[in-house]
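Protein chains in written order, with my numbering: chain A, 5 to 415; chain B, 537 to 839.
Watch out, some of these pointers could steer you wrong.
[As the list claims (entries may be wrong)] Derived lysine to any residue pairs resembling SDA-like cross-links, with alpha carbons at most 20 Å apart:
(1) B:K671 <-> A:T112
(2) B:K693 <-> A:G310
(3) B:K587 <-> A:S394
(4) B:K648 <-> A:L233
(5) B:K714 <-> A:T8
(6) B:K738 <-> B:G769
(7) A:K307 <-> B:C752
(8) B:K620 <-> A:S312
(9) B:K588 <-> A:E239
(10) A:K307 <-> B:E610
(11) B:K648 <-> A:S85
(12) A:K307 <-> B:G624
(13) A:K145 <-> A:S85
(14) B:K692 <-> B:F669
(15) B:K796 <-> B:N627
(16) B:K587 <-> A:N236
(17) A:K145 <-> A:A179
(18) A:K307 <-> B:G769
(19) B:K686 <-> A:S312
(20) B:K653 <-> A:K145
(21) A:K10 <-> B:P639
(22) A:K307 <-> B:L626
(23) A:K307 <-> B:T668
(24) B:K796 <-> B:T616
(25) A:K17 <-> A:S394
(26) A:K307 <-> B:L625
(27) B:K647 <-> A:E239
(28) B:K620 <-> B:E610
(29) B:K653 <-> B:K738
(30) A:K150 <-> A:A179
(31) B:K671 <-> A:S394
(32) B:K620 <-> A:Y324
(33) B:K620 <-> A:T8
(34) A:K145 <-> A:E89
(35) B:K589 <-> A:I169
(36) B:K686 <-> A:A391
(37) B:K653 <-> B:P639
(38) B:K736 <-> A:N6
(39) A:K137 <-> A:V157
(40) B:K647 <-> A:G314
Worth flagging that the hints you see were computed from the coordinates, not collected in a lab. The structure presented is a predicted model; accordingly, all values stated were derived computationally and were not measured.
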Amino acid sequence: MNNTIKQLSRSPKFMTGFCMFVAIILFTLIYPLVNPGNPLEMIGVGTFARPGTYVSLYDAVSAQRETFKLADADDKRLAASISDEDRVAMIELFGMAGMELDIEAGDTEALLEAWEANFDTLIQTKMTSAKRKYYTRINNKLLDLKAADTLVVYEQGEEDSKSKIVKTDYVRTGAVANVKTLPLGTDNFGRDVLKELVSAAKTSLMIGLIAGTVATLVGLTLGLLSGYLGGNVDEIIMFITTMFTVIPSFVLLILISYSLGQEQRGPSVVAIVIGLTSWTWTCRSVRSQVISLRNRDHVNLSKLSGHSLGRIIVTDILPYIASYVVMAFILQVSSGILAEAQLSLLGLGPKTTTTPTLGLMMNWAMLYSAHTNGSWWAYFPVILTIACISFSLNLMNTGMDQVFNPALRDG
Amino acid sequence: MSEMDTKVQGSAQPEVQEAAPSENKPKRDFTTGPLCLSGRGVTRVFGTGDKKKVAVDHVDFDFHEGEFVSIVGESGSGKTTLSKMLLGLLNVSEGEILFQGKPRDISTRAKKNEYWKGIQAIFQDPFASYNTFHKIDAVLLDCINMRGGKHLPYEKKVEMMTEACSFVNLKFAELTNKYPFELSGGQMQRLMIARIFLLKPKILLADEPTSMVDACSRATILDMLLSLRDEIGMTIIFITHDIGLAYYISDTVYIMEHGKFVEFGKADEVILNPKAPYTKRLISDVPKIHEPWDLDTVVEELA
Numbered sequence: 005m006n007n008t009i010k011q012l013s014r015s016p017k018f019m020t021g022f023c024m025f026v027a028i029i030l031f032t033l034i035y036p037l038v039n040p041g042n043p044l045e046m047i048g049v050g051t052f053a054r055p056g057t058y059v060s061l062y063d064a065v066s067a068q069r070e071t072f073k074l075a076d077a078d079d080k081r082l083a084a085s086i087s088d089e090d091r092v093a094m095i096e097l098f099g100m101a102g103m104e105l106d107i108e109a110g111d112t113e114a115l116l117e118a119w120e121a122n123f124d125t126l127i128q129t130k131m132t133s134a135k136r137k138y139y140t141r142i143n144n145k146l147l148d149l150k151a152a153d154t155l156v157v158y159e160q161g162e163e164d165s166k167s168k169i170v171k172t173d174y175v176r177t178g179a180v181a182n183v184k185t186l187p188l189g190t191d192n193f194g195r196d197v198l199k200e201l202v203s204a205a206k207t208s209l210m211i212g213l214i215a216g217t218v219a220t221l222v223g224l225t226l227g228l229l230s231g232y233l234g235g236n237v238d239e240i241i242m243f244i245t246t247m248f249t250v251i252p253s254f255v256l257l258i259l260i261s262y263s264l265g266q267e268q269r270g271p272s273v274v275a276i277v278i279g280l281t282s283w284t285w286t287c288r289s290v291r292s293q294v295i296s297l298r299n300r301d302h303v304n305l306s307k308l309s310g311h312s313l314g315r316i317i318v319t320d321i322l323p324y325i326a327s328y329v330v331m332a333f334i335l336q337v338s339s340g341i342l343a344e345a346q347l348s349l350l351g352l353g354p355k356t357t358t359t360p361t362l363g364l365m366m367n368w369a370m371l372y373s374a375h376t377n378g379s380w381w382a383y384f385p386v387i388l389t390i391a392c393i394s395f396s397l398n399l400m401n402t403g404m405d406q407v408f409n410p411a412l413r414d415g
Numbered sequence: 537m538s539e540m541d542t543k544v545q546g547s548a549q550p551e552v553q554e555a556a557p558s559e560n561k562p563k564r565d566f567t568t569g570p571l572c573l574s575g576r577g578v579t580r581v582f583g584t585g586d587k588k589k590v591a592v593d594h595v596d597f598d599f600h601e602g603e604f605v606s607i608v609g610e611s612g613s614g615k616t617t618l619s620k621m622l623l624g625l626l627n628v629s630e631g632e633i634l635f636q637g638k639p640r641d642i643s644t645r646a647k648k649n650e651y652w653k654g655i656q657a658i659f660q661d662p663f664a665s666y667n668t669f670h671k672i673d674a675v676l677l678d679c680i681n682m683r684g685g686k687h688l689p690y691e692k693k694v695e696m697m698t699e700a701c702s703f704v705n706l707k708f709a710e711l712t713n714k715y716p717f718e719l720s721g722g723q724m725q726r727l728m729i730a731r732i733f734l735l736k737p738k739i740l741l742a743d744e745p746t747s748m749v750d751a752c753s754r755a756t757i758l759d760m761l762l763s764l765r766d767e768i769g770m771t772i773i774f775i776t777h778d779i780g781l782a783y784y785i786s787d788t789v790y791i792m793e794h795g796k797f798v799e800f801g802k803a804d805e806v807i808l809n810p811k812a813p814y815t816k817r818l819i820s821d822v823p824k825i826h827e828p829w830d831l832d833t834v835v836e837e838l839a
C-alpha cells in the first residue's frame with residue numbers, strides 16, 4: 005500500500021492530475037468563504053454585464069476629488085467614446101466618398117484627423133437619410149467631447165447645482181463607497197457568473213461522486229458475484245448486464261429522467277439515475293478479472309483453510325482488483341459529470357432554484373443566446389471547468405494505469 | 537533478496553546430503569494398510585454438447601494410510617482435475633469418492649471444513665499460492681485457528697509457528713512480519729510444508745510441488761515430505777509428470793493417460809516392468825546421464 009502510494013507520487017501524470025483536481029476542489033471550498041452569499045442572487049437588472057470592475061457613478065460624484073493633468077487623457081477619452089462599430093462605419097464612409105485612406109480602425113488619432121478634415125465633403129456623399137443622421141450624430145458626439153469642459157450635476161428637485169465635474173477631476177477607486185468586481189461578469193439573470201460557477205462546480209463534483217460511487221458499487225458487487233459464483237448466477241447477471249449494454253445508456257438516462265418528472269429531479273436523484281445506467285462496464289471488467297483470479301492457487305488455499313465466501317471475496321480477490329476498481333471509479337466520476345452536463349443541456353437535468361450545476365449554467369446560456377450575442381463569459385468558463393475536471397481525472401487515471409500496468413510505462 | 541537466496545542455497549546443501557538415506561526404500565509396507573481415500577468410477581466432464589470434454593474418465597483407486605502414491609501423466613492427462621476433485625474444489629460429475637471407507641459428504645460448508653481438516657494440499661507454483669497482501673504470520677495463524685487453537689495465548693501460537701518453521705529449516709524470527717514476495721521460491725514452498733506440519737492432515741495432496749523450484753530445493757522439499765509422512769503417518773498423493781522422480785520416492789504409482797489410469801501398482805513393478813505402451817514411452821522420455829537420449833522414439837510416437 006505504502007509502496008503503491010510512493011510509486012504514484014513519482015508518476016508525473018498522476019501528480020499533475022491530482023494537483024489539478026485538488027486545486028479545483030480547494031477553490032470550490034475556499035471561494036464561498038471569501039465571497040459568501042447566495043450564488044443565484046440576481047445582482048444585476050440587465051443581462052450579460054461584461055467582466056470587469058464596476059464603480060458606482062452616484063458615489064463617484066460625491067467622492068473626494070483630486071486634479072490630474074494627464075497628457076493622454078483627451079485621446080483616451082475620445083478613443084473610448086467611439087465604438088468598434090462606429091469606427092468601421094466611419095472607414096466605410098471614406099470608401100463611399102471615393103477617398104482612398106490607409107488607416108487602421110484601431111488608429112484613433114489618424115482616423116479623427118482625417119474625419120475632421122473631410123467631414124463636410126463626406127456628409128455630402130449620396131446615402132440614405134438615416135445613415136446621414138447616424139454620421140451626423142457621431143460627428144456631434146465627437147465635437148461635444150472636444151468642446152465641453154464641465155458636467156453639472158443637479159440633485160433632484162433642486163435648482164442649484166450640486167457639483168461641477170471637470171475633465172481633470174479624478175477619484176480614487178478606494179474612495180468610492182461602492183465598487184464591485186465581477187471577474188466573469190453576470191449572466192442572463194444578472195447573477196455573478198464566478199460565484200455561480202464555483203457553486204455549480206461543487207454541485208457537479210458531488211453529482212459525479214455520487215454517480216461514480218453508485219455505478220462502481222453496483223458494478224463491483226454484480227461483477228464479483230457473477231465472476232466468483234459462476235453458473236446460473238453468472239448467467240442471470242450477465243443477461244441483465246447485456247440488456248443494459250445493448251440499450252444506449254444515454255437514451256436510457258434521458259427516458260428515466262423524463263419519466264421521473266421535473267418535480268422529482270433533484271441533484272442527488274439525477275446522480276443516482278446516472279449511476280444506475282452506467283455500471284455495466286465496471287461489472288463486465290470486474291467479472292473477467294475475478295474469473296481469472298478465482299482459480300488461482302491462493303484462492304484455493306484460502307478455501308482449504310476454511311474461509312467463508314465473503315472473506316475470500318474481500319481478502320483474496322478484492323485486493324487484487326482494487327487498483328482496477330479505483331481506476332474505474334475515477335473514470336465513472338468523470339463520465340458522471342459529463343452525463344449531468346449533457347442531460348442538463350437538454351433541459352433534463354436537476355430541477356433547482358437553489359443550486360446551479362455546470363450543465364444548468366450551459367443550458368441557461370444557451371436559452372438566452374449567450375453564444376450568439378458574444379457573451380462568452382456566460383458559457384466559456386463553464387466549458388473550461390468541465391474540461392479541467394475531466395482532464396485532471398483522466399490524467400490521474402492514466403498515471404495510475406502506468407503505475408499498475410508496467411507494460412504501459414514510457415521511458 | 538539475493539542475500540536471502542544464497543542463504544537458502546547454503547542451508548539447502550546439508551539437507552541434500554541428509555536426504556541421501558531416503559534413497560533406501562522405506563522398510564515398512566504402506567501399501568496394505570487401512571483404506572484412506574478411494575474412488576469408484578470417478579468422472580469429470582467439462583462443457584456440454586459439442587464442447588463436451590471428459591477430463592477424468594471413470595477412474596478407480598485405493599489409497600492406504602501412510603502410503604506415498606504418485607500419479608504420473610503428461611500435461612492435459614487430467615491429473616490436476618482429479619486432484620481438485622479429491623480436494624473437493626471441483627464437483628464430481630459421476631462416481632463417488634470414499635473417505636476413510638465412508639462416502640464423502642461435502643454438501644455443506646461445515647462438512648467441507650471438516651473434510652479439509654483431513655485433506656490438505658501443496659500447489660505447484662509457490663509464488664501464486666500466497667495472498668501477497670497478507671503477511672506470512674497470517675498463513676500460519678490460519679492453520680493454528682483451523683486446528684482449534686484460536687483461543688491459545690499468542691506466545692503459545694508463536695511457539696507452534698517457530699516449531700513448524702524449524703521443521704522446514706526456516707527461522708520464524710526472520711520471517712515474521714514479512715510478506716511472501718520477500719521470500720525465495722524454495723523458502724515459500726518450504727513454508728507451505730510448515731503449514732502442513734501445523735495442520736497435520738490425514739492426506740496431503742502435492743500437485744507438482746517441486747516443478748517450480750531448483751534442484752537443491754527439490755531434494756530438500758521431497759525429503760521434508762517423506763519425514764513428515766513418517767512423523768504424522770499421513771498419506772501423500774504426489775502428482776507429477778516426472779516418472780523418474782515418482783520411482784525414487786513412491787510406494788505406489790498410478791499412470792494416467794487421457795483421463796484414465798492405464799497402469800498402476802507398486803513403484804518397482806510398474807517402472808521396472810512396464811506393461812502399458814504409454815508407461816514405456818514415459819520411461820523412454822526420461823533423459824539419462826550415461827547414455828544418449830533416444831529422441832527417435834518420441835518422434836515415432838508423435839507421428
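Margin query: Check whether the Cα positions of K145 of chain A and S85 of chain A lie no farther apart than 20 Å.
Written below: holds (9 Å)
Margin query: For a C-alpha distance cap of 20 Å, please report whether K736 of chain B and N6 of chain A respect it.
Written below: Violated, at roughly 36 Å.
Checklist line | Satisfaction of hint between T8 of chain A and K620 of chain B, Cα-Cα up to 20 Å | finding: Given pair K620 of chain B, T8 of chain A is violated - Cα atoms ~35 Å apart, limit 20 Å.
Notebook entry, point to check: Are the Cα positions of K671 of chain B and T112 of chain A separated by 20 Å at most?
Noted result: It is violated: about 79 Å lies between the C-alpha atoms, which goes past 20 Å.
Check: Regarding the pair K796 of chain B and T616 of chain B, is the alpha-carbon distance no greater than 20 Å?
Finding: holds (13 Å)
Check: Is the straight-line distance between the alpha-carbon of K145 of chain A and that of E89 of chain A 20 Å or less?
Finding: holds (15 Å)
Checklist line | 20 Å Cα cutoff - pair K588 of chain B, E239 of chain A | finding: OK: K588 of chain B and E239 of chain A at ~19 Å, within 20 Å.
Next item on the list: Starting from K17 of chain A, check that the Cα of S394 of chain A is at most 20 Å away, please.
Entry: holds (14 Å)
Item checked: Hint consistency between K692 of chain B and F669 of chain B [alpha-carbon to alpha-carbon, up to 20 Å] -> Outside the cut-off at roughly 25 Å; violated.
Notebook entry, point to check: Given the proposed pairing of K587 of chain B with S394 of chain A, does the C-alpha separation stay at or below 20 Å?
Noted result: Violated, at about 46 Å.
Next item on the list: Mind checking the alpha carbons of K647 of chain B and G314 of chain A for me, to see if they're no more than 20 Å apart?
Entry: Answer holds: K647 of chain B to G314 of chain A is near 18 Å, not above 20 Å.
Notebook entry, point to check: Taking 20 Å as the top limit, are the C-alpha atoms of K150 of chain A and A179 of chain A close enough?
Noted result: violated (28 Å)
Checked against the numbered hints given earlier, this structure breaks hints 1, 3, 7, 10, 11, 14, 17, 18, 20, 21, 27, 30, 31, 32, 33, 35, 36, 38 and 39; the rest are met.
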